[in-house]
Amino acid sequence: MHTAKYIFNYLVFPGFVFTAVVGLLTTWVDRKVTARIQWRVGPPWYQPFADVAKLLGKEIIIPAGARRTGFFLMPIVGLSAATLASTILWLVNLHPGTSFVGDTIVLLYIMTIPAIAMIIGGSASSNPLGILGASREMKLLFAYELPLVIAVMTSVYKAGSFSLQSILAHQAQEGIMLGSFSGVISFIVMLMCAQAKLTFVPFDIPEAETELAGGTHIEYSGGALAVVKLTKAIMFFVMPIFIITLFWGGISFSGWRILTSILKYVAIVVIFVLVKNTNPRVRIDQAVRFFWGPMFILSIAAMILAVLGH
Amino acid sequence: MNDLLFPILVPAIAGVIPLFIPRKGKIVAGVISLAAAVWILLKALRLFGMGELSYNLRFFKLGGSFPVDFTLRLYHFSAFILLFIALFGVLIILYSLGYLRGRDTSSAYYSFILWTLAAASGVVLSDNLLMLLIFWEILTAFLFFLVNMGDKGHERAAAKSFIILGFTDAAMLLAVAMIWVEFGTITISALSISTGTAVGAIAFVLMFMAAIAKAGAMPLHSWIPELAEPTLSSVIAFLPASLDKLLGIYLLARISFDIFKIAPGSWLSIMMMIVGAATIILAVLMALVQHNLKKLLSFHAISQVGYMVLGVGSGIPVAIVGGLFHMLNNAIYKSGLFLCAGAVEKRAGTTNLEDLGGLARLMPVTFVTMAIAAFSISGVPPFNGFVSKWLVYQGMLKGNQVIFLVIAIFGSALTLASFIKVLHSVFLGRRPARLEGVKEVGFTMQLPMIFLAILCVLFGVFARYPLERFILPAVIPAVENIGMNIVAGDIITPEGFWSPAAATVLIIIGIAAGLIIYAFSRMRRVRVDENVWVGGNIMDNEEMRIPGTHFYKTVTDDLNPMARAAFRDGEKGAMDVYNFWGQFGGAFVHVLRVLHNGILSTYLSWAVIGLGILAFILMFR
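Chains as they are written, first to last, in this note's numbering: chain R, 1 to 310; chain U, 1001 to 1621.
It is worth saying that the hints were derived from the structure and are not from the lab.
Where a beta carbon is used, it is the ideal one built from N, C-alpha and C, also for glycine.
Check the hints yourself; a few may be wrong.
[Unchecked claim] According to the in silico footprint, chain R covers these stretches of chain U (three or more CB under 8 Å from chain R): (1) 1320-1329; (2) 1358-1372; (3) 1378-1385; (4) 1410-1417; (5) 1514-1521.
[Stated by the list, open to error] Within a straight-line C-alpha distance of at most 20 Å, the following computed EDC-like cross-link-like pairs (lysine to aspartate or glutamate) qualify: (6) R:K58 x U:D1355; (7) U:K1553 x R:D285; (8) R:K5 x U:D1490.
Start from the sequences and build out the full structure, keeping to the hints where you can.
Here is the structure:
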């Protein structure tokens, strides 16, 4: 019984189908806002869905040197991990007091799997640009992972527990993490790291469309590319929810709180889109220096403030 | 004869046989050793179910008072370590059958392996510090012989490991002597020493040095990278990667809770945690810049010890469980990694990352097993490395050690980075023309690799079984109130929650769902294009090969000058106490050399001065 329920949770609501739909809608918001900023009209709301449907029907071409099994397996490994992360987050938010699959550590690790999958996929593509993209993605991963971990641990330390339900309960009782100095600083660090985790400009270095022509996913086409796009859409949905859960009191579907929940989500998405549209891409060494320099110091400062009780 | 003598005596006696078998027939020696090792494994399995056993044989009393006893004790902890020592013995001998074929190695190799097994069994079964020390030193000696069977450069490596390990063995001897003088017994189960006194603390630190030198934590790690390149892969997989880890951490755990009592938060505990955290991060940074597969793996063998020392040293029950579980997991995936490296070395003839590439299709078994082991060591859920690291993290939060927690988590991101480099450079990427004819290794070599990879998955997904069977019973007598529960396969602590089976099932369902999406696309008619199109050109030649060795060059070179210097040092040996003492010793010898000028009158005057001092002392005594 429980198993069937979990599988339903994972595949339909709040897992794969729901997350994919909302994630694709979010990418539409992104595209629409970007278009308005650039004085264009922008696509209709169903455009992301049409894209995925169209890609599924396209021919798939791979280069002769590609390692076929790994190349095609990796996108769906990434997709299933992203879906799992989303399910964990949603179930905890929808049913406070229950725990599902894992805690913050588990979530942090599971959220790196889509990136690892893309790295291996790019590396297996045998295209030099794909391999360059893979190496950059890896460097970016360990660059942002340091401040990200510290920022997450600030929230964990304040709640005294890794478990998401305790972090939510702590915020329900003692006020949201954003209400303290350390919380605000960690929140800012988290936003920056999330920007890199989603490989958005200015940290779209692994994909760098103008120089690497897509980098890690340069050789993906047809159905495989559709899965890659879906994974990115789901992560676009997961990251804001993760940040809201850790620092902004989580989301809820009961009564008026639906409205505030949606507002929180939209606010973070808008920040992502604005940063994305107003910055040029940085080089990989600049990104590493940015995350191991200012962001690291900020996150450590937040940590010290948290230990001191602020 | 007592049951406990078998695991020591049988390999010791069986080990004599290979000595009489000529080099050409070493396969026979291998098969005989394999039979002996399997027998020990079966014996260890039986002993595992037997609970507590002991055996005592008094040899003699030295100087009328110092008892030289042959005391053996089997209890849960030693039984479980013994079981895995025997298991690794079987796997390594099986692997060696194929690995040594076509190599000019003498049959004595198998003797040394069996005698190592005997000594390792002796270490875990001894209930007497002196006996433990003797077996411990026998291990050091056979490591020396085994390393000496390697390729070019083995002399230096063997000497270095012998000197570092011998030095720490001497430190342990000193500790044993101190314990005997101060407490009047050297029977482990009878000892309970406070580290509050100076003698207790010094004895502990000395034994700690011996334990971490064997396990390979910083700053006594530098023998492992030195022997990585020249030594046979089977030997590295056997000793530094698995047995030395098991024994080193076994000793660390015994001294931390049995002989001494380390309280969480005491200065010794903090010292151990600093050693652990520094080892994690420094060794993994050095691993990032390596160009040789075996050397890279050896730095990870060091880095992972950090998690064990951090967990065990913290004194927090959950972290101790995590540290010991990590010891077991590390032995499994690390020896698996070295065995895979050996397979690559055998077929491709090199372990230089620049000269390898694209072996995934030619050596699929090696690729899949190595990938599983690599994800395990990087702590990717749901493999085994994740569970044990997760337990260590739980303990760090419980003890409010946030700094160590962050270092440990970040260390595992860097581990992942360097294994991505390995997987890319060896198996993915573009294949150099030289490697076109490479074939998969034989079945006897594949079998141990496959077995270890399966263990990696099982111990991750069904983590409750190894935890309940091996780790918890070993820890519970020493530590009450572990602070963690296992309910229906889910591991629950007051701070967190991890349900490996559920996560695995969901990920598999997710992959199945992904395959269904593929089924709706035009997956059946994949068109393979011959050429890679790069920058508007067809670029499909050897020059388009990108080995992974420079993946992280932007990071390692563009940092500040201090980090650059550290990385350069890391390529040589990384914070090597051995080199430091070499320079110190060189200066000392220089002073002696100046005194020895070869002129008779100088020597005579030295002799006269010496006699004078002697006479002075004797007169005024």
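Here is how each hint holds up against the structure:
Taking a C-beta to C-beta cut-off of 8 Å, the segment 1320-1329 of chain U contributes 0 residues in contact with chain R, too few for the three needed, and the coverage statement is violated. Chain R is given as covering the segment 1358-1372 of chain U, and this holds because 3 residues of the stretch bring a CB closer than 8 Å to a CB of that chain, at least three being needed. Residues of the segment 1378-1385 of chain U lying with their CB closer than 8 Å to a CB of chain R number 3, which satisfies the three-residue condition for coverage. Against chain R, the segment 1410-1417 of chain U contributes 5 residues with a C-beta closer than 8 Å to a partner C-beta. That satisfies the three-residue criterion, and the hint holds.
Under a criterion of three residues with beta carbons nearer than 8 Å to beta carbons of chain R, the stated coverage of the segment 1514-1521 of chain U is upheld, 6 such residues being counted. Between K58 of chain R and D1355 of chain U the CA atoms are separated by roughly 37 Å; this puts the pair beyond 20 Å, and the hint is violated. Distance check on the hinted pair: K1553 of chain U and D285 of chain R sit about 10 Å apart at the alpha-carbon level, within 20 Å; holds. The suggested pairing of K5 of chain R with D1490 of chain U holds, with an alpha-carbon distance near 18 Å, which does not exceed 20 Å.
Hints 1, 6 from the list above are not met by this structure, while the remaining hints are.
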